[in-house]
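J.: All chains, full assembly: derive it from the sequences and hints.
Chains as they are written, first to last, in this note's numbering: chain Y, 2 to 444; chain E, 963 to 1099.
Hints were generated in silico from the structure; no laboratory data involved.
Keep in mind that this is a model prediction, so the values were computed, not measured.
Even glycine gets a Cβ: it sits at the ideal position worked out from N, Cα and C.
Wrong hints could be hidden among the right ones.
Unchecked claim - A short list of chain Y residues far from chain E (calculated; beta carbon distances all over 12 Å):
#1 I20
#2 F26
#3 V268
Stated by the list, open to error - Okay, the calculated bits of chain Y under chain E, using three or more residues with CB under 8 Å as the criterion:
#4 98-106
#5 171-183
#6 342-353
For reference, the chains in residue letters:
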Amino acid sequence: MTDVLGLAAYLLLPLVGMIVWRLDFIREMPIGARLGIAMAAGSLIVALLMAALSVIGIEWSRTVIFTILAIVIGIGLIGRIRPIGRPIRPIRPIGPIAILFCWLLTLYGTLTARHSCGDLQFTWGPKAIRWFRAGGLDPDVLHTWPQLTVDYPPLQTLLLAFSNITARQFPWWAAVLASPLFFLALLAVIRSWTRDDLGTLLIAATLTYTYTLAYPAGCAEPPLLLFEAIVIAALTFVENPRAQTFLASLGLAGAVFTKLEGATFAVAVFLTILFVQRKPKRAFIAIAPAALIFAAWMTFVLKNDLLYMYGGAKLPIYWSTIPVVLKTLAKVAKFNLYWIPYLVPIVLIAIGNVRRALVPLSIALLTTGATVYFYVHYPDPVWWIESSSPRVILTPLLALLIGAMAAHPYARVPAHGVVPEGEETEGSGGPPGRHSGGALGQV
Amino acid sequence: MIARRVLIYAAAILFAAATIQRFHWLGGPYFTFPDTIQDHVWPVRFASADAIVLSRRAEPLLPRGAKVTVITPSEAPNYDQTHWLTGLGMLPRQHVVPQKFDGQTIPDYVIAIRGPFDDARYRQIATFPEGFLYQRK
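T.: Right under this line is the structure:
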């Protein structure tokens, strides 16, 4: 019963996030995108709510949290949430069936404890349980047990604490089963925006396999990857500029509040919008909520003398470790399969239109650089790389996979200042100006 | 277009096969709901999975607020940190502490994974299939 209730807490997240359906450009999207975005928005809203309650000194309780969430859900449900967009109707059902099969493999791996992340048991879970018992995001808990990566961004811990509040006991199985739920949301968003079943299948199959070596279930990567997918795919495939900016803001805010790497991801996206898309206004608007959240969290960390992981930026750089870092990262990136998870999207980008894939390519390169930068701060980083990087390098891999979809000549890629006007359909064989996306559901 | 389709289908089949092969390598049983979330993360059972089970078994015997730690005695004196951290999550009503036995505030209870804990300051109060529970004399 504990795990059923714990899982119900995660299923409640899209309901909370449906408040964003009030935006017309979200309502125009297919149901998969709307649900995926609602999952991400709901996660961020719940985490921010719980953090805010602690900041203003209100103890967490079912009554307080569910009353506020009921109001949020009510606002979301009243009035303007009826969809405007039409559902995607695949011509060939093999695409969705194959995607579903991959997802079911992930679900099976999670249900049989083959994907469980050790850090759930050692860090995320204990921290969430102790916060739950303290009734809030309590700095005393972090001072008592400084081993709990005390300054790490709290979204994942807060979601775990939320499922604990819902179930009263800590639902360990619900904590790991959240992973396939976030994965499903990611696939739904990508498929809805691209209408490319084949490209979505590649992402589904690649992540299904890499998850078996990365052990993400119960860790922060599943929500992080959803936030990142929303950002990268929105900047690559969504045509409405307001929607792009909003979705990038949402995803970046979530990423920064979820993991340390979320901050470097936000910088990578900021630089990409600035220099690749050449939209400085959008870059600043997109990163603003993330910067605010980051500033608020760092204020909490510094005020309570909890600086630990973020303090790593002050550590010296060991330039001599660069060859070891690169060699170890290359070994991990092999994924026991001769780098095929990376090679396939790289080949697809190479044989496609590279210019269309510039945004995800830029993010992949910058986040890879940030990963190397993280690891060169330790004199002997091998163990650290081997234990953490299988999850960390999923971000550049995801960006590459999205890049492979964008490079497809029939991809629905709007001109973001990357592809000059009138050339968007170049290579598609179709007349300029005519949207070629309709063919994608048929491949 | 055909090249793209062939490449993606081939990759998808390869990744699905590699996933299934990995699941097989991690070992069975394949269709039984596992006891802990750590049961099949490696072909050989991790001590951390036993730490979960032992914590569950010991919990009813531990007073609320008692200082407890979790160790694998064979690792002494460099105990694996992750075991007491597992206890920190599994024993929410107790005060779980790191594995230090040389200071003034040593744990009241020790959960020992797999092997006995030989320390004159502690007496064994329970035996489980996965290990032992000790109380300070």
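J.: Compare the structure with each hint and give your call.
T.: So, going through the hints one by one against the coordinates:
no.	hint	verdict
1	I20	holds, 32 Å
2	F26	holds, 30 Å
3	V268	holds, 31 Å
4	98-106	holds (count 4)
5	171-183	holds (count 5)
6	342-353	holds (count 6)
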